[in-house]
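Asks: Chains Z and F supply the protein sequences, listed in that same order.
The C-terminal residue of the first sequence carries number 297 in the working numbering, and the numbering is unbroken.
The C-terminal residue of the second sequence carries number 1302 in the working numbering, and the numbering is unbroken.
Among these hints, one or two may not hold up.
To be verified - Restraint ranges, calculated between C-beta atoms of paired labels, are given here:
#1 Z:Gln65 x F:Tyr1267: 23 to 31 angstroms
#2 Z:Gln202 x F:Pro1056: 36 to 44 angstroms
#3 Z:Phe62 x F:Arg1162: 56 to 64 angstroms
#4 F:Arg1106 x Z:Leu7: 13 to 21 angstroms
#5 F:Arg1106 x Z:Pro89: 36 to 44 angstroms
Think of the hints as simulated: they come from the structure by calculation, not from any bench.
From the three backbone atoms N, C-alpha and C, an ideal C-beta is built for every residue, glycine too.
What follows is the residue order along each chain.
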Amino acid sequence: MRRARLLGRGLGSLLGLLVAAYILAPFLWVAASSIQPEKELFRVPPRWIPRVLTADNYRFVFTGQFPAGYEETGIARGRISEKARDALPALRNSTMVAVSVAVTNLVLGTMAAYTFSRLRFRGAGSLYTFVLASRLLPPMAVAIPYYLIVNRLGLLDRYAALVLIHSVFTLPFSVWFLTLYFRRVPPDMEEAALVDGCTRLQALLRVVAPMTAPALAATAAFSFMFSYNDFPFALFVTSTIRSQTIPVIVANTAINPDVSFGVVAVTVVLTMLPPVAFAMIFRNYITRGLIAVTTTR
Amino acid sequence: MRLVALPRRRYREARYAYATVLPVVLLVALFTIYPLLFALITSLREVVLYRPWSQPFVGLKNYLDVVRSEFFASAWAHTLTFVVGAVPLATVLGFAIAHLLNGRSRLAAWLNVTILLPWAIPTVISGIIWAWIFNSSYGAFNGALYSLGLIDSYVPWLSRPRSALLCVLFAHVWKEVPLTSILYLAALQAIPDELYDAARVDGAGTLGILRRVTVPLLLPTTLIIVVYETMVGIVTFDLLYVMTGGGPAGATSLISYYLYNSMFVAYNFGQGAALAVLLAAALVVFILVYMRLLRSEEIYAT
């Protein structure tokens, strides 16, 4: 019996390590690639533990100084990799847009969800269904109309276009998620506040919001992630570095067959930093929020 | 006094209700109704880039052209292959990993942190990483096989039709597994311990508990996961764009890539819109089936 348990635990640890390797290997591979000169990366078979380390690739992305042994591969190539230098402004664009989307979801999503969970009014059911059902349109199908709407609003290549589109995509989920969550909160305390003369909005802000902080944090995290990760819409409604986001810049840099691998690895590493940090910070809220919703019946 | 105050309060509540709900509804409506109408109208006209001012009404011609095209059949065939591979893999792996995450060991806590990583990074970024791993001249996958002596020269995995789809599938599952395992973990943690204890008292072994307690209780979650993963699989685009560009020879041109191609490469907007309408309709049918299933499931559970 004890031996079986020990064996079970050993097997569990082994499987756990395998899963960790499966998840982490690609990250480690890119991180290792970003600190090696290009010549090392083309070695057959590859060196699993890098021997020649360099900060050249990072220096190039941050300062524009070409890595040694790079110019000899030709002018065209240098020009192509120049795009990687847009990574830093693109990171700023991405962060600005994603934070705005998260705030929009927190403000508009929370208010609407609270109303849907507490108040009865004409059309409540159909409006709720409409918001949720809107997500059934496949993204690729709405690309051109979205482009036309944004163009008509005069918002092409601006943050606002992306914030609008990403909010439209995230709000249905936020409203659904928060409505389920708010319904679980017993209405006693806010009713006391309402009797004391609070308005609905005040009750929401002072009583309900503090009590549901994990769900609000999860909502912010989900909408931030969606916005930061979006590629197709960012591709369609942005055109210059004024509003292009980091997935677009990295994809445009990387799909070029001539591009230097090490330099793109740097942009990939930089791209991963904000969402990974975000996921780490909000990890508990994300799982806790999901547990609360999946246990709602 | 009360008779007067009550309607006024109700009126105020209703006003508040619309004021808070309408911003979301209007925003969503603008970006839903207009695109829908646009797609429907465009799909009935001949709209091509080289004749922007002439958009004659052609009835269902675009639909017929699209459905008759050989790309339509092959794109759906590839999409189905992809979905049939991806959904069970993501579901079963998620289920298994959730059990590992559910442990109380230090390893489980650590896994809990790492598991979110593939989910957190943008899909195009994971596509780029996997495209490198499968790259024919410096990829880690080739490197590993070569080091192990399994191949004697590097294989261009992404330029062979069958392996290309498998590579994309692999990258897709890697990206999707975190979400499925987190959802399963949430559902697992919601199962009360008493149920396990009761089953154990009744003499059920590990497999018996899995079959009689865990699996039935996780059915609703499984249904959500299967449906969500199917939808995500059908509309996959980002990975294809950066990993294969729909190639080689269209082998990874799934339905939404075909749609992208009609619209933004061939610039045949009418056919693209027809395809979009068909894809939307397929998704709606799919969701209706799912809702039917879910409803019967709930009756079953109660």
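Asks: In this structure, is the beta-carbon distance linking Arg1106 (chain F) and Leu7 (chain Z) contained in 13 to 21 angstroms?
Replies: holds (19 angstroms)
Asks: Between Phe62 (chain Z) and Arg1162 (chain F), does the beta-carbon spacing fit 56 to 64 angstroms?
Replies: violated (42 angstroms)
Asks: CB of Arg1106 (chain F) to CB of Pro89 (chain Z), is that within 36 to 44 angstroms?
Replies: holds (41 angstroms)
Asks: Please check whether Gln202 (chain Z) and Pro1056 (chain F) have a Cβ separation lying inside 36 to 44 angstroms.
Replies: violated (58 angstroms)
Asks: With respect to the beta-carbon atoms only, verify the hint that Gln65 (chain Z) and Tyr1267 (chain F) lie 23 to 31 angstroms apart.
Replies: violated (41 angstroms)
The structure shown violates the earlier hints numbered 1, 2 and 3.
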